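Number of protein chains: 2
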Amino acid sequence: MKLRIYNAKILTKDGIIDGELRTEGDRIVYLSPVSTLDWQDWDREIDLHGNLLVPSFKNAHTHSPMTFLRSRAENMLLKDWLYKQVFPAEGRLTDEDCYYFTRLAVAEYYMGGTTFCCEMYGHTEAVAQAFEDTGFGAYIGSGIFDFDGGYDDITRRAEELKSKIDKMSRVKYALAMHAQYTCGDETLRAVSDLSKKFSLPVMTHLSETAEEVASCKEQYGVSPVKYLAEKGIFDLGGTGFHCVHVDDEDIRIMKKLGVGAVSCPCSNLKLASGIAPLKKILDGGVELSIGTDGAASNNALDMFRETYLATVLQKYLLSDAVAVSAERMYDCAVSGKAFGLEKADGLYIGALADMAVIDMSAPNMQPVTDIRSNLVYAGGRQNVVMTISGGRIVYENGELTYGEEYGALLEKCNAAAERIKNEI
Amino acid sequence: MKLRIYNAKILTKDGIIDGELRTEGDRIVYLSPVSTLDWQDWDREIDLHGNLLVPSFKNAHTHSPMTFLRSRAENMLLKDWLYKQVFPAEGRLTDEDCYYFTRLAVAEYYMGGTTFCCEMYGHTEAVAQAFEDTGFGAYIGSGIFDFDGGYDDITRRAEELKSKIDKMSRVKYALAMHAQYTCGDETLRAVSDLSKKFSLPVMTHLSETAEEVASCKEQYGVSPVKYLAEKGIFDLGGTGFHCVHVDDEDIRIMKKLGVGAVSCPCSNLKLASGIAPLKKILDGGVELSIGTDGAASNNALDMFRETYLATVLQKYLLSDAVAVSAERMYDCAVSGKAFGLEKADGLYIGALADMAVIDMSAPNMQPVTDIRSNLVYAGGRQNVVMTISGGRIVYENGELTYGEEYGALLEKCNAAAERIKNEI
Numbered sequence: 001m002k003l004r005i006y007n008a009k010i011l012t013k014d015g016i017i018d019g020e021l022r023t024e025g026d027r028i029v030y031l032s033p034v035s036t037l038d039w040q041d042w043d044r045e046i047d048l049h050g051n052l053l054v055p056s057f058k059n060a061h062t063h064s065p066m067t068f069l070r071s072r073a074e075n076m077l078l079k080d081w082l083y084k085q086v087f088p089a090e091g092r093l094t095d096e097d098c099y100y101f102t103r104l105a106v107a108e109y110y111m112g113g114t115t116f117c118c119e120m121y122g123h124t125e126a127v128a129q130a131f132e133d134t135g136f137g138a139y140i141g142s143g144i145f146d147f148d149g150g151y152d153d154i155t156r157r158a159e160e161l162k163s164k165i166d167k168m169s170r171v172k173y174a175l176a177m178h179a180q181y182t183c184g185d186e187t188l189r190a191v192s193d194l195s196k197k198f199s200l201p202v203m204t205h206l207s208e209t210a211e212e213v214a215s216c217k218e219q220y221g222v223s224p225v226k227y228l229a230e231k232g233i234f235d236l237g238g239t240g241f242h243c244v245h246v247d248d249e250d251i252r253i254m255k256k257l258g259v260g261a262v263s264c265p266c267s268n269l270k271l272a273s274g275i276a277p278l279k280k281i282l283d284g285g286v287e288l289s290i291g292t293d294g295a296a297s298n299n300a301l302d303m304f305r306e307t308y309l310a311t312v313l314q315k316y317l318l319s320d321a322v323a324v325s326a327e328r329m330y331d332c333a334v335s336g337k338a339f340g341l342e343k344a345d346g347l348y349i350g351a352l353a354d355m356a357v358i359d360m361s362a363p364n365m366q367p368v369t370d371i372r373s374n375l376v377y378a379g380g381r382q383n384v385v386m387t388i389s390g391g392r393i394v395y396e397n398g399e400l401t402y403g404e405e406y407g408a409l410l411e412k413c414n415a416a417a418e419r420i421k422n423e424i
Numbered sequence: 001m002k003l004r005i006y007n008a009k010i011l012t013k014d015g016i017i018d019g020e021l022r023t024e025g026d027r028i029v030y031l032s033p034v035s036t037l038d039w040q041d042w043d044r045e046i047d048l049h050g051n052l053l054v055p056s057f058k059n060a061h062t063h064s065p066m067t068f069l070r071s072r073a074e075n076m077l078l079k080d081w082l083y084k085q086v087f088p089a090e091g092r093l094t095d096e097d098c099y100y101f102t103r104l105a106v107a108e109y110y111m112g113g114t115t116f117c118c119e120m121y122g123h124t125e126a127v128a129q130a131f132e133d134t135g136f137g138a139y140i141g142s143g144i145f146d147f148d149g150g151y152d153d154i155t156r157r158a159e160e161l162k163s164k165i166d167k168m169s170r171v172k173y174a175l176a177m178h179a180q181y182t183c184g185d186e187t188l189r190a191v192s193d194l195s196k197k198f199s200l201p202v203m204t205h206l207s208e209t210a211e212e213v214a215s216c217k218e219q220y221g222v223s224p225v226k227y228l229a230e231k232g233i234f235d236l237g238g239t240g241f242h243c244v245h246v247d248d249e250d251i252r253i254m255k256k257l258g259v260g261a262v263s264c265p266c267s268n269l270k271l272a273s274g275i276a277p278l279k280k281i282l283d284g285g286v287e288l289s290i291g292t293d294g295a296a297s298n299n300a301l302d303m304f305r306e307t308y309l310a311t312v313l314q315k316y317l318l319s320d321a322v323a324v325s326a327e328r329m330y331d332c333a334v335s336g337k338a339f340g341l342e343k344a345d346g347l348y349i350g351a352l353a354d355m356a357v358i359d360m361s362a363p364n365m366q367p368v369t370d371i372r373s374n375l376v377y378a379g380g381r382q383n384v385v386m387t388i389s390g391g392r393i394v395y396e397n398g399e400l401t402y403g404e405e406y407g408a409l410l411e412k413c414n415a416a417a418e419r420i421k422n423e424i
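Residue numbers (the numbering used here), protein chains in the order written: chain A, 1 to 424; chain B, 1 to 424.
Here chain A stands alone, though its shape is the one from the complex (with noise of 0.2 Å):
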């Protein structure tokens, strides 16, 4: 597939450009403020009419296919909606209804203009199928803990879902452990000795709640960054998911170890966990990305609105109107550089063409200022009219563009949800 995209304003590090950008396959290969005519045979020319085209959001953390528990159970105590719905819940799904409920999830992305995710969660196989089915992105992993069994039994599942994961095209296998406190350690010896086995960094919860923290430190006297350090599970590197009571010790950890931190200020604020220290972590020197997790504790699947939380709050946090700009935390939403994905990071010859394009006649829009500021603290979704996942358009004018049969998904993932429901 070659896309011409003209007439665009096209977000750049270095600024604004209006011109032309042209995509080949899943990379950029043509921008400029010129149009040059010696490249004709595009499969489609797109008049953007001065709309605004920018790197599409990487949603850093997430468990795609919990949007059938999305607004279910609300105004619960933590502990009695784990155990007494999501847990229960969560034991009556099946790959099937993994599948469609990460499709729903899927549309949900491009419409909001989000193209790729890094992923955990149990039926891996069916989850990353249909992100293969539906051209999304993704590093997926299955999020490993005591309950998948002993040494044996975590290196063979893991090295047997590697291998079917990686033949797929856009989705790519990511070793995910479930969190330090869910694992034991004969778990995080298997999980040590498969990053070395795969060559792959460790990505997992970490010190996401108060509670959290204090226990590991109680057991074992030292935080869980720290912990799961000494127990070599960070030694290629890694990625931990909410980050909210790190503090200055486990971040030089992090800095030292390159374990980056994905941030989910929407999950933190509405379970009560706490606001992530954001620019401690920048300042850091750590890779920052950011997520919304997943629908259950979120509800919505919208990086839009948390790559605005996770700049305000740090103003809240600090009591300082200028502690971390717009524009620094809008590159943190787009790169997906915490869990290493690559050239995703802005408009550039060479980047993935994983983009999305802004109306700029939307009046949230307007007048026309400072434009990345105003993505971040007055753009939404509405705001998305197209969006381009690997290349590929995905999202037009509201219509999913990708073949996905809507309303026959709606009713599936319905019906699933009341089949659910009716069972715990």
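Any given hint could be a false lead.
The list treats identical chains as one, so a pair stands whether inside a single copy or across any two.
[Unchecked claim] Below, a list of computed lysine to aspartate or glutamate pairs in the EDC-like style, where the Cα atoms sit at most 20 Å apart:
hint, residue 1, residue 2
1, K343, D152
2, K13, D146
3, K197, E404
4, K279, D18
5, K2, E96
6, K84, D370
7, K164, D148
8, K412, D18
Rather than coming from a laboratory, the hints here were simulated on the basis of the structure.
Bear in mind that the values here come from a model prediction, so they are computed numbers and not experimental data.
Once you have looked at the hints, place chain B on chain A.
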């Protein structure tokens, strides 16, 4: 205008009713699961195909013409921003500028399901006229302060403004003073007297920042709430905008005197003012409404985002995931009660015909579980497919339907914003 809206999910306080709603003039005149055939001379029949009809948002605190400062001069300290950007720029505004910048704000309100606001700004007749010409509902005042002159100047101007504005149909004069810290004794005396003369409560910015409260206590030994109460400002009740730093005694005074509170969480975060104690305010029996504040400090005029944050920030603030329910906060966002609006707090016979239609097939509204929670936690402006203001359809399927020449409006707004930028 008479509308028949059928095949609707109608959100009422008693739950969702699948049925039909009819309007006549600016009121709801019929609401039932049953379609009777005794009323057929409607101007328009609308089949909602199972989509959701909700009460529109009532934006309880805003400065609509401030769209001209949206995303202008970001990342500055509050004082620099105010004194080097906002005040000099505001000094260059003409009536005509304010008229068009307000029309731009109305476009944004309507597209996001908001039909009514409580407005405070200079060039007040021009702003009121923009609301009137677009069918938008408003309570509007000038924000009286010391710069308006002495007792007689203030009184004369208020009388003139009230008599002009009260001739309008959906726009009503409100007695608004800027804030305790910009109003000396003579101004306060004038406002208190005007309140009795007009039989109107007084609206004002109130305890927005910690500095404001500290300064009032230092000068007068009491909080701004208590100080204004002692000056007779709240003898007929009133409305306090922001109320970030009200304490238990303030809340008791507000309850006793009938002073409602308006929360603007986005502006309060972005300006690092803090998080208002909304649970305390609600539990103290004070009427609470939600507002956006102006686009200069927000930067969106998005009541979905405000309502979401009003809810989840309490969970964070109180470390309690069940601190305030989404249902309760949603009611605050639609009622307008804190600024004295009546019959706007839900869909029922006799209530204002101010409504929005939500696309239930959007992925973030699926699967269908707890609809009201989902509106707050997952809803967004992309879900609004129709807005009805005072019984008139003003927005439908992406188009403003009240005769706005939108392209020309954007040109006027950009030219004015550019002119002002060059003048300062």
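Cross-check of the supplied hints:
1. K343 <-> D152: neither (36 Å within a copy, 66 Å between copies)
2. K13 <-> D146: Cα proximity of K13 and D146: none, with 44 Å in one copy and 46 Å across.
3. K197 <-> E404: neither (38 Å within a copy, 64 Å between copies)
4. K279 <-> D18: Classified as neither: same-chain Cα gap 32 Å, cross-chain 48 Å, threshold 20 Å.
5. K2 <-> E96: For K2 and E96, neither the intra-copy (34 Å) nor the inter-copy (47 Å) Cα distance is at most 20 Å.
6. K84 <-> D370: Close across copies (17 Å), not inside one copy (47 Å); limit 20 Å.
7. K164 <-> D148: Cα proximity of K164 and D148: one copy only (18 Å, versus 74 Å across).
8. K412 <-> D18: neither (44 Å within a copy, 22 Å between copies)
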